[in-house]
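Between the sequences and the hints, there should be enough to build the whole structure, so can you do that?
Each protein sequence line maps, in turn, to chains G and E. At position 47 of the first sequence the residue is numbered 47 (the numbering used here), and the sequence of numbers has no breaks. At position 62 of the second sequence the residue is numbered 386 (the numbering used here), and the sequence of numbers has no breaks.
None of these hints come from the bench; they were simulated from the model. Beta carbons are placed, not taken as given, at the ideal position from N, Cα and C, and that holds for glycine. Where hints are given, some of them may not hold.
Claimed, not checked - Label-pair restraints from in silico Cβ distances: (1) E:330 x G:48: 48 to 54 Å; (2) G:183 x E:359: 45 to 51 Å; (3) G:174 x E:397: 58 to 64 Å; (4) E:453 x G:213: 19 to 25 Å.
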Amino acid sequence: MIHSRKVLKILIVVLSIMALFVSISAFASETQEVAKETASASTTPWWVWPLALFVVTFILGILAVLGGVGGGVLFVPIIGGFFPFNIDFVRGAGLLVALAGALAAGPGLLRRNLASLRLALPVALIASSAAIVGAMIGLALKPNVVNTLLGATILFIVAIMITAKKSDFPNVAKPDNLSQSLHIMGIYREESLGKDIEWQVHRTPQGLALFIVIGVMAGMFGLGAGWANVPVLNLLMGAPLKISVATSKFLLSITDTSAAWVYLNQGAVLPMIVVPSIVGIMLGSIVGVKILVKSKPKAIKSMVIGLLFFAGTRALLKGLGIWE
Amino acid sequence: MTENKKKASEEQLAYAGVLNIGMWIGLALLIVFFIVYISGLLPSYIPIGDLSKTPPGSKIAYWSMRAHDFNQAFNVPTGWGWIKLAGNGDYLNFVGITMLAGLTVACYMVILPILIRKKDTAYAIIAIVEVAVLALAASGILKTGGH
Chain G
1 MIHSRKVLKI LIVVLSIMAL FVSISAFASE TQEVAKETAS ASTTPWWVWP LALFVVTFIL
61 GILAVLGGVG GGVLFVPIIG GFFPFNIDFV RGAGLLVALA GALAAGPGLL RRNLASLRLA
121 LPVALIASSA AIVGAMIGLA LKPNVVNTLL GATILFIVAI MITAKKSDFP NVAKPDNLSQ
181 SLHIMGIYRE ESLGKDIEWQ VHRTPQGLAL FIVIGVMAGM FGLGAGWANV PVLNLLMGAP
241 LKISVATSKF LLSITDTSAA WVYLNQGAVL PMIVVPSIVG IMLGSIVGVK ILVKSKPKAI
301 KSMVIGLLFF AGTRALLKGL GIWE
Chain E
325 MTENKKKASE EQLAYAGVLN IGMWIGLALL IVFFIVYISG LLPSYIPIGD LSKTPPGSKI
385 AYWSMRAHDF NQAFNVPTGW GWIKLAGNGD YLNFVGITML AGLTVACYMV ILPILIRKKD
445 TAYAIIAIVE VAVLALAASG ILKTGGH
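Shown next as C-alpha cells:
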C-alpha cells in the first residue's frame with residue numbers, strides 16, 4: 001500500500017513536469033504562429049523565455065543532483081525539445097552548463113584527492129581532441145539529423161542507467177603496462193569504511209580508445225559525458241566508484257572546454273540562453289544537495305530516468321518529423 | 325610514504341587553486357555582465373527584443389535559426405570578432421564566457437613548470453599537447469561547413 005502510494009507520487013511529479021514541458025512547447029509553437037501571421041513581432045515579451053529557462057533549469061539542477069546525473073544530459077534534450085531555441089544554441093549552452101558545473105566542483109574534488117589528475121590528464125587529452133571533432137560534425141549536421149541521433153543517444157543512456165551495474169571497489173589484480181608507466185594509481189580515505197583505499201587501473205588502452213567515442217558524442221550533442229565516463233573508468237578500467245565519479249566530473253571541465261570553444265567560435269552561443277541556464281542549474285544543484293540528505297535516491301533516479309526517456313523520445317520524434 | 329600518497333600532489337593542488345579563483349571570477353563576471361545586458365545599461369548590438377522576432381519572409385524567429393543563419397542575419401562576426409563588439413551589452417557577456425572557457429589552459433600552464441621540475445616527462449608532454457589542442461580549438465581556425 002505504502003509502496004503503491006510512493007509510485008503514485010513519483011508518477012504525479014513526472015507527469016506534472018512533463019505537462020510543464022509540453023505546455024512550454026505548445027506555447028512556443030503558438031507564439032511562433034502568431035509571429036508568422038503578424039510578419040515580425042512576437043506577442044510574448046522577450047523576458048518570458050529567459051525567465052522560463054531559469055525556472056526549468058533550476059528544476060533540472062535539483063533533479064540532476066538527486067538523480068546522480070550531470071546537468072548537460074538533462075539540459076540538451078529537454079531545452080532543445082520544449083523551448084523555441086535552435087538546437088545549435090542549445091548544444092552550445094549545454095556544453096557551457098556542463099563546463100560551469102565541472103569547474104565549480106573541480107577544486108574541491110582535486111583537493112580531497114578524489115579526482116585524480118594522473119588518471120584525468122591522459123584521458124582528457126584523448127576526449128578533448130575527440131570532442132573538437134564531434135563539435136565540428138555536430139554543427140555541420142542538419143538539425144533533424146542531430147535531433148534523431150540525440151534522441152537515440154538519450155534512449156541509449158536510459159538503457160545504460162537501468163542496466164549498468166557499479167562496483168565500489170573493483171578488483172584490479174594487475175595494472176597494465178601503460179598505467180604502470182604513467183603511475184596511474186593512488187590512495188584515498190573512504191570515510192564510510194574508516195580506512196584508506198589503494199587503487200590502480202587496468203585495461204588503460206581500451207579505456208582510452210572508448211574515450212574517443214565519448215569525446216565525439218559529448219562534442220556532437222553538447223552533453224556532459226558523465227553517463228559514459230563513469231562506467232568506463234569504474235567498470236572497464238577498475239577505478240573505485242568514488243574516484244571514477246569525481247574524476248569524471250573534473251574531466252568534463254577539460255572535454256567540454258574544447259568543444260565549447262568550437263561552438264563559441266562558430267557563433268553558436270547566445271548569452272540570453274547561456275547565463276540564465278548556468279545560474280538556474282547551479283542554484284538548483286545547491287538546493288538539490290540539501291534535499292538529497294532527506295530524499296530516497298532510488299525513487300528520484302526512477303523519476304530522472306522517466307524524464308530522460310520522455311525527452312529522448314521527444315527529440316527522436318522531432319528529428320523524424322513525427323512530433324514537431 | 326602512504327601518508328604522502330594520500331595527499332593530493334603539488335601539481336594537483338596548484339591546478340585546484342587556479343581553477344577555484346578563476347571559476348569564481350568567471351561566474352561573477354557572467355552574472356554582472358548579464359545584469360548589465362538585460363537592464364539595458366549598455367546598448368545591445370542585437371536588440372534584446374529582436375531575438376524572439378520573426379524576420380520578414382521567414383517562418384521562424386531569429387533564435388530558432390541555425391547559428392550560421394543567425395550570424396548572417398545580424399552580420400555577427402565569428403571567432404574572436406566579438407571583441408570588437410564587447411562594448412555592447414550582449415557581447416560584453418562573452419568576456420565571462422571566454423574566461424570560463426579559457427580557464428583550463430591557464431591551469432595547465434600553471435602545472436607545466438611543476439611537471440618539468442619533477443622531471444615527469446610523460447605528463448609534461450601530455451600537458452603541452454593538451455594546451456596545443458585547446459589553443460587550436462580556441463583559435464577559431466577550425467571551421468565547420470556552411471549550411
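Here's how the hints hold up against the structure:
1. E:330 x G:48: 48 to 54 Å: 52 Å, holds
2. G:183 x E:359: 45 to 51 Å: Taking Cβ atoms as reference, residue 183 (chain G) and residue 359 (chain E) lie about 47 Å apart, which means the hint holds.
3. G:174 x E:397: 58 to 64 Å: 59 Å, holds
4. E:453 x G:213: 19 to 25 Å: 20 Å, holds
Figure legend: structure checked against the earlier numbered hints; every hint is met.
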